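J.: In case you want the letters, here they are:
Protein chains: 2
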Amino acid sequence: MTLQPLAAALVHAPVVDRRGDLVTTAVTNLDLHDIARSARTFGLQRFYVVTPVAEQQRLVKRLLGHWVEGSGAAYNPKRRQALELIRVVSTFKKALADWREITAAEPLPVLTGASRDDGISFETCRGLMQKQPGLLVFGTGWGLAPEFFENGWHVLEPVRGVEDYNHLSVRAAAAIILDRLAGRSGNN
Amino acid sequence: MTLQPLAAALVHAPVVDRRGDLVTTAVTNLDLHDIARSARTFGLQRFYVVTPVAEQQRLVKRLLGHWVEGSGAAYNPKRRQALELIRVVSTFKKALADWREITAAEPLPVLTGASRDDGISFETCRGLMQKQPGLLVFGTGWGLAPEFFENGWHVLEPVRGVEDYNHLSVRAAAAIILDRLAGRSGNN
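In order, the protein sequence lines correspond to chains E and D.
Just so we're aligned, residue 2 is where the first sequence starts under the numbering used here, counting upward by one.
Just so we're aligned, residue 2 is where the second sequence starts under the numbering used here, counting upward by one.
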């Protein structure tokens with residue numbers, strides 16, 4: 002059974018810092034390139050970049066201007082195919098609303114994070130995403146703010162390795178999660 | 002059956018550029034951080050950074066000095082646990098020799114790349130790595146130079162997504178490959 006349309010969001014606010022304080026992180030070009038390329042590889046239709054900061058939004062649009070419309074698009078068409086999935090929005094709610102409009106269905110937000118023990122398994126998540134358009138939510142900094150977890154949305158189990166260490170970069174975690182959920186053979 | 006000890010190498014020379022010409026790429030901090038964190042998560046024992054450029058080697062050693070021995074180690078012990086896997090070497094042969102000495106066995110180099118169709122499957126690769134210490138070889142730039150493929154070493158099949166697009170960053174590809182080969186449950 003195939004997945005419904007799938008999207009991802011990378012949240013720069015509200016997220017927490019190492020002390021758990023609420024912060025807004027800066028958008029980094031490499032996050033956008035890496036996660037867009039992973040998103041494109043695994044067939045996602047949208048990659049939302051969430052930042053309330055106007056100057057950061059302009060930065061993303063400049064990046065897209067170059068790679069999607071400008072000289073970068075001809076120089077590296079594969080990069081264009083990835084980055085054209087990006088939409089910049091000021092809040093996660095706007096990402097959710099846009100994805101709802103595109104899919105004409107109620108999307109299923111699924112929160113990700115390294116420190117939650119109460120999450121659903123990858124298998125369960127995959128099952129849910131066969132019925133409803135998924136929206137995977139990734140946090141920057143030290144993770145999504147507590148308010149995300151107060152909506153009753155599903156939380157995905159962390160990516161675990163061989164021991165207790167699970168301090169992957171968001172770029173690496175997103176790649177693995179997309180592979181496990183949306184890879185051609187499901188979990189391989 | 003568990004894997005034998007596993008290591009990875011990130012090669013900055015010789016690699017090819019977009020035209021297929023042989024080049025030496027610059028070491029980037031983020032590659033080292035990301036891949037070291039993925040390597041630590043999946044239980045690798047070494048992460049070799051291959052560059053023949055003395056100034057680049059010094060750059061890596063400065064980075065390690067900060068995060069492994071300096072103030073960064075106390076600030077972020079989890080980062081230290083990842084970056085302490087790194088060894089800087091001038092050639093891939095030196096990485097292979099070091100890994101041979103550490104494991105007291107003949108290591109199995111496995112080359113990675115996005116464009117090879119003649120590779121072994123992840124399942125086959127995992128089987129081989131249960132018998133011999135593996136050394137996964139990742140190229141920067143547009144991939145490993147042809148000479149790597151002239152040694153008779155195994156090549157791993159590319160990470161495929163849902164269509165033909167497979168232009169992952171080396172950081173994302175390494176994360177997925179380590180998860181598929183060395184994740185707790187094998188392929189999940």
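Just to be clear, a hint being listed does not mean it is correct.
Selected chain E positions facing chain D (Cβ under 10 angstroms, derived; list incomplete) [claimed, not checked]:
#1 N77
#2 R88
#3 V90
#4 N167
#5 A175
#6 D180
Derived EDC-like pairs (lysine to aspartate or glutamate); straight-line CA-CA distance at most 20 angstroms [said to hold, decoys possible]:
#7 E:K132 / E:E107
#8 D:K79 / E:E164
#9 E:K79 / D:D99
#10 D:K79 / E:D165
#11 E:K79 / E:D99
#12 E:K132 / E:D99
#13 E:K95 / E:E107
#14 E:K79 / D:D18
#15 D:K132 / D:E102
#16 D:K132 / D:D165
#17 D:K79 / E:D18
#18 E:K132 / E:E102
#19 E:K94 / E:D165
#20 D:K62 / D:E85
#21 E:K79 / D:E164
#22 E:K62 / E:D99
#23 D:K94 / D:D165
#24 E:K94 / E:E164
Worth flagging that the hints you see were computed from the coordinates, not collected in a lab.
Computed from a predicted model, the values in this text were never measured in an experiment.
We put the beta carbon where it would ideally sit given N, CA and C, even for glycine.
J.: Does each hint hold? Answer for all of them.
T.: For each hint, the structure was consulted:
1. N77: Holds, because the Cβ-Cβ distance from E:N77 to chain D comes to roughly 8 angstroms (cut-off 10 angstroms).
2. R88: 19 angstroms, violated
3. V90: 23 angstroms, violated
4. N167: Hint holds; E:N167 Cβ to chain D Cβ min 6 angstroms, cut 10 angstroms.
5. A175: With Cβ-Cβ at 8 angstroms, under 10 angstroms, it holds.
6. D180: Constraint on E:D180 satisfied, holds at 5 angstroms.
7. E:K132 / E:E107: 10 angstroms, holds
8. D:K79 / E:E164: 13 angstroms, holds
9. E:K79 / D:D99: Measuring from Cα to Cα gives roughly 37 angstroms; hence the hint is violated.
10. D:K79 / E:D165: Status holds; Cα separation ~11 angstroms.
11. E:K79 / E:D99: Violated - the C-alpha atoms of E:D99 and E:K79 are around 25 angstroms apart, more than 20 angstroms.
12. E:K132 / E:D99: 19 angstroms, holds
13. E:K95 / E:E107: Within the cut-off at roughly 14 angstroms; holds.
14. E:K79 / D:D18: 15 angstroms, holds
15. D:K132 / D:E102: 17 angstroms, holds
16. D:K132 / D:D165: 32 angstroms, violated
17. D:K79 / E:D18: Holds, at roughly 15 angstroms.
18. E:K132 / E:E102: 17 angstroms, holds
19. E:K94 / E:D165: This hinted pair is violated, its Cα atoms lying about 33 angstroms apart.
20. D:K62 / D:E85: 11 angstroms, holds
21. E:K79 / D:E164: It holds: about 13 angstroms lies between the C-alpha atoms, which stays within 20 angstroms.
22. E:K62 / E:D99: 18 angstroms, holds
23. D:K94 / D:D165: 33 angstroms, violated
24. E:K94 / E:E164: At roughly 36 angstroms apart (the allowed maximum being 20 angstroms), E:E164 and E:K94 break the hint.
In this structure, the earlier hints numbered 2, 3, 9, 11, 16, 19, 23 and 24 are contradicted, and the remaining ones agree with it.
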